[in-house]
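Undergrad: Using the sequences provided together with the hints, build the complete structure.
First to last, the protein sequences are chains F and H. Counting from 178, one number per residue, gives the positions in the first sequence under the numbering used here. Counting from 10, one number per residue, gives the positions in the second sequence under the numbering used here.
I should point out that these hints are in silico values taken from the structure, not numbers from a laboratory. The reader is advised that the hints may include incorrect statements.
Take a look, some chain H residues computed to stay more than 12 angstroms from chain F by CB distance [stated by the list, open to error]: (1) 70; (2) 207; (3) 212; (4) 251; (5) 309.
Derived DSBU-like pairs (lysine-lysine); straight-line CA-CA distance at most 30 angstroms [claimed, not checked]: (6) 793/F <-> 215/H; (7) 794/F <-> 239/H; (8) 327/H <-> 804/F; (9) 296/H <-> 819/F; (10) 819/F <-> 198/H; (11) 118/H <-> 794/F; (12) 795/F <-> 296/H; (13) 215/H <-> 313/F; (14) 793/F <-> 181/H; (15) 240/F <-> 348/F; (16) 225/H <-> 145/H; (17) 795/F <-> 57/H; (18) 57/H <-> 15/H; (19) 184/F <-> 279/H; (20) 279/H <-> 165/H; (21) 819/F <-> 145/H; (22) 819/F <-> 317/F; (23) 602/F <-> 636/F; (24) 795/F <-> 225/H; (25) 506/F <-> 296/H; (26) 296/H <-> 415/F; (27) 804/F <-> 15/H; (28) 123/H <-> 194/H; (29) 327/H <-> 795/F; (30) 794/F <-> 57/H; (31) 63/H <-> 313/F; (32) 15/H <-> 819/F; (33) 15/H <-> 413/F; (34) 165/H <-> 804/F; (35) 225/H <-> 794/F; (36) 145/H <-> 184/F; (37) 804/F <-> 194/H; (38) 819/F <-> 57/H; (39) 184/H <-> 186/F; (40) 795/F <-> 279/H.
Since the structure is predicted, the reported quantities are computational estimates derived from the model, not experimental observations. For glycine and all other residues, C-beta sits at the position ideal for the given N, C-alpha and C.
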Amino acid sequence: MSGTNGKIKIGFYICHCGTNIAGTVDVQKVVDYAATLPNVVVSKHYKYMCSDPGQEMIQKDIKDNDLNRVVVAACSPFLHERTFRNATSQAGLNQFYFQMVNTREQNAWVHLDPEASTDKAMDLVRSAINRVAFHKPLEKKTVPIKPDVLVVGGGIAGIHASLTLANAGKKVFLVERDPTIGGHMAMFDKTFPTLDCAACILTPKMSAVKNHPNITMWTYSEVVSVDGYVGNFQVKVKRKPRYIIDDMCVGCLDCIEACVYKEPRFYNEFDQGLSKRKPVYMPFPQATPQLVVIDPETCIWFKTGKCKQTCVESCERKAVDLNQEATFKEIEVGTIIVATGFQSFDARKVYYYGYGTYPNVYTALEVERLINASGPTSGEVVLRDGSRPKSIAIVHCVGSRDKNTNLWCSRVCCLYSLKLAHLLKEHTHADIYNFYIDIRTPGKMMDEFYTRMAEEGVKFIRGRVADIYPDSTDEEHRRLVVKAEDTLIREIIKVPVDMVVLSTGLVPRDDAQDVRRMLNISCSTEGFFIERHPKLAPVNTFTDGIFLAGCCQGPKDIPDTVAQAGAAAAEALALIDLGYIELEPNTAFIVEEECSGCKSCVPLCPYTAISYDEEKKKASINEALCKGCGTCVASCPSGSIKQNMFEDEEIYSEIDGILNYQMEEALCC
Amino acid sequence: MPDKPKLAFYWCAACGGCEESVVDLAEDILFVVDNVDIIFWPVGLDFKRKDVEKYADGEIVVSLINGAIRSSEQQEMVKLLRRKSKVVIAYGACAQYGGIPGLANEFEKEEILKWVYEDSPSTHNEENVRPQLNYKVNGSEVYLPELWNVVRPLDKVIDVDYYIPGCPPSSKLLKEAVLVLLSGKLPPKGTVLAPDVALCDECSRKDTKPTDLAFKEFLRPNLSIIDPEKCILSQGFICMGPATRSGCGALCVEGNMPCTGCYGATSRVKDQGAKILSSIASNIEGKSEKEIDSTLNGIPDPVGTFYRYSLAGSILRKKVSI
Chain F
178 MSGTNGKIKI GFYICHCGTN IAGTVDVQKV VDYAATLPNV VVSKHYKYMC SDPGQEMIQK
238 DIKDNDLNRV VVAACSPFLH ERTFRNATSQ AGLNQFYFQM VNTREQNAWV HLDPEASTDK
298 AMDLVRSAIN RVAFHKPLEK KTVPIKPDVL VVGGGIAGIH ASLTLANAGK KVFLVERDPT
358 IGGHMAMFDK TFPTLDCAAC ILTPKMSAVK NHPNITMWTY SEVVSVDGYV GNFQVKVKRK
418 PRYIIDDMCV GCLDCIEACV YKEPRFYNEF DQGLSKRKPV YMPFPQATPQ LVVIDPETCI
478 WFKTGKCKQT CVESCERKAV DLNQEATFKE IEVGTIIVAT GFQSFDARKV YYYGYGTYPN
538 VYTALEVERL INASGPTSGE VVLRDGSRPK SIAIVHCVGS RDKNTNLWCS RVCCLYSLKL
598 AHLLKEHTHA DIYNFYIDIR TPGKMMDEFY TRMAEEGVKF IRGRVADIYP DSTDEEHRRL
658 VVKAEDTLIR EIIKVPVDMV VLSTGLVPRD DAQDVRRMLN ISCSTEGFFI ERHPKLAPVN
718 TFTDGIFLAG CCQGPKDIPD TVAQAGAAAA EALALIDLGY IELEPNTAFI VEEECSGCKS
778 CVPLCPYTAI SYDEEKKKAS INEALCKGCG TCVASCPSGS IKQNMFEDEE IYSEIDGILN
838 YQMEEALCC
Chain H
10 MPDKPKLAFY WCAACGGCEE SVVDLAEDIL FVVDNVDIIF WPVGLDFKRK DVEKYADGEI
70 VVSLINGAIR SSEQQEMVKL LRRKSKVVIA YGACAQYGGI PGLANEFEKE EILKWVYEDS
130 PSTHNEENVR PQLNYKVNGS EVYLPELWNV VRPLDKVIDV DYYIPGCPPS SKLLKEAVLV
190 LLSGKLPPKG TVLAPDVALC DECSRKDTKP TDLAFKEFLR PNLSIIDPEK CILSQGFICM
250 GPATRSGCGA LCVEGNMPCT GCYGATSRVK DQGAKILSSI ASNIEGKSEK EIDSTLNGIP
310 DPVGTFYRYS LAGSILRKKV SI
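TA: Now the structure itself:
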């Protein structure tokens, strides 16, 4: 390995990145400038440094010119640091003799003035060239990956990812917050564009999850903390009390029958409140697991402490346990798939559509339940007063594509609106009016589906609905008027209808920010979790080992969700089957003869990697436990802890390079 | 005695303690005098500036200069001594970092002059007379040195070869330094002639320091009693020991007082105050802003506590009015 002795010889390269960099930064000027800097023996520019010819150029220069340091100014290190490190090491040089300068994302892309941008590029380059001279040869360490996977969320995304992994022989922990898995898809009747039955697709997968020997399914449970890092996460899961002993309950439902409430009278979440349930209930007949749950918010025993406890008596298997308490499970996994899904936009926020005021205004999800054969009306589409609608308006883009609510297109609403139009027509033979801004039906078989609906006689009116109000000519005050501008005929039209369906958009979960913080991943401004790169790493997050699937990453339909879940599972498998991960050698170490043994660092280490050696009376760092956070380095009062890749001279020389001026004695005299 | 190496002592903005430390050599001063020729020492011997001027450049072997630099006179004198000396040693905390006089950098020059000549309760100066730089009297002109805007350590004014830290340096360090210089085996330029390990290393109470300080409150030695057996920092008194060079033998701690940091930082630390602040703040037990604030309220004067000797030479350097 060259470069440890003798003269420092730096090769400098700046990438055009097509015109991404060269369009703003004068690369020739930067090259000429870099050539004048100390220790630089090669200074070149090239159209695409990351390409094979670009990498080969570096390798040839290393050999021909006996280079022992390499600096490349190109894109973000996130994208190609690994590429150039590999190129460096393949030429026989330690890969940590390489330093990358980000002159695309942090320069060319964010500046308009070519001259200032070029100056900035030179500052950044000078800084890296200063720094790289102090680099030391380091070796990456590897740690084994724990093969188990945590899947958070038991909707179709979490289900598909879990099954894929379990079928590949990996142990999966599937944690679901609700009493059953299935998510939103379990509420649907049919799916677009094939109109096949949602339950027929989903329920076999749900029972496959439950019965799979490799899947530990924890419903009615929440992940409460995640520590560690890729390959070695420590996860704590809270299992909320169901007040039912899992192993004893066979789902006979006798306890529901026996409940002191003779009639169901509480809001049924699964039916969007269109039906009632008892305090002891099963969310829906195909719920998985087939276990009842007691809701302490409505159960009279929990509310008043007084109840005959007929449910307890009724259970022959003694499965009801009103004294049950939350339990906590601690697991260790190597990778995590986040599939926490979405929630429907709250239609009350668009107050002028009258949801919550006019009983005949429904959300799309409510209509999904109305249409569903196992729904509150057994598939009979009737209004709240029991009458059958003869005309129905479907209002698109409620909480989507609207600067008053959310800017994004929720992607699925046009298609589910078409599906609901078809199903409502099939169930009621009513006239159906779709009020849309644009019909967006991309994807396989999707536009064909739209054409089919048009042919079926569904009416399409191009215009955002401005107002919905009761029809004053209707003596029974049930009919509603939908007012909109038909932008194709440029006229304000008012359509009287019996029923309005609001096609609500998909929004992030209310607690997405909490989940983000717990997992140390990122959210976009909208609140959906951000993928690492939309094209290069679409299911990865910025935290290694944590992957995204489904609508928590952004609105998408079931086929895309399942595809993404498969991709997330594949990414997890790739890590697991590699068996180990390479860690940056950015660990801290104590220079023993310099340590005074003041112990200040010992309690600060978040990974308990520092201990105090009573015999030597010095602190020492266990490198295997050190994650390179730098806390001890910054806090050591005598400067006796150093960190690889971040030694003082590296950082100070970098700062000197950026600032490039000598401190004037400006304050004196 | 033309063969003996010539040695000069000089003082700038200082209290006189460094001079005391020379006297503290006691009988060892005889050894010094046997081996060197003290050719300039305003405190101890009657030499004048012209006596220094007459030497050839570099003829003085060593000048030991204590005190910070704040006036035109100090600047002139140290530049003269620099020219005449082979080796210049910044002697003591003030020369090395600015020391106690460096705390004046917390104030603007005008604030200081106004307080001293006008506002302080003991001042009676109805016409608000201020000293003038020159004054004509009886046909001749007298001069006063000019006060600069800022206090500076010696090495911000002249090139310094070595440093002997302390307020004042221990006589042991001085004796060792003289021995090193006489031996001719000079250490690399810029070396601080003291151990490069923090004070805890030689502190007799080291073993009583717990691994988790978890500060709940900070105490001050003028208001609370210090347990003479236990680590002083662990009792909640700010002790600068962990961020301060050893070499004094933990004298203050032996006297049951916390280290105030006069030996300065180790060679690896750029800013002693920032370092100890970082360490102590990290070890506060409270995690909420309110708890942290209430703990930190026990340190009413952070600059005077953490930068007592090092302000002028620190990254903070001085108050800047914007």
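Undergrad: Going back to the hint list, which numbers does this structure go against?
TA: Hints 2, 3, 4, 8, 11, 13, 15, 16, 17, 21, 27, 28, 29, 30, 31, 32, 33, 34, 36, 37, 38, 39 not satisfied by this model.
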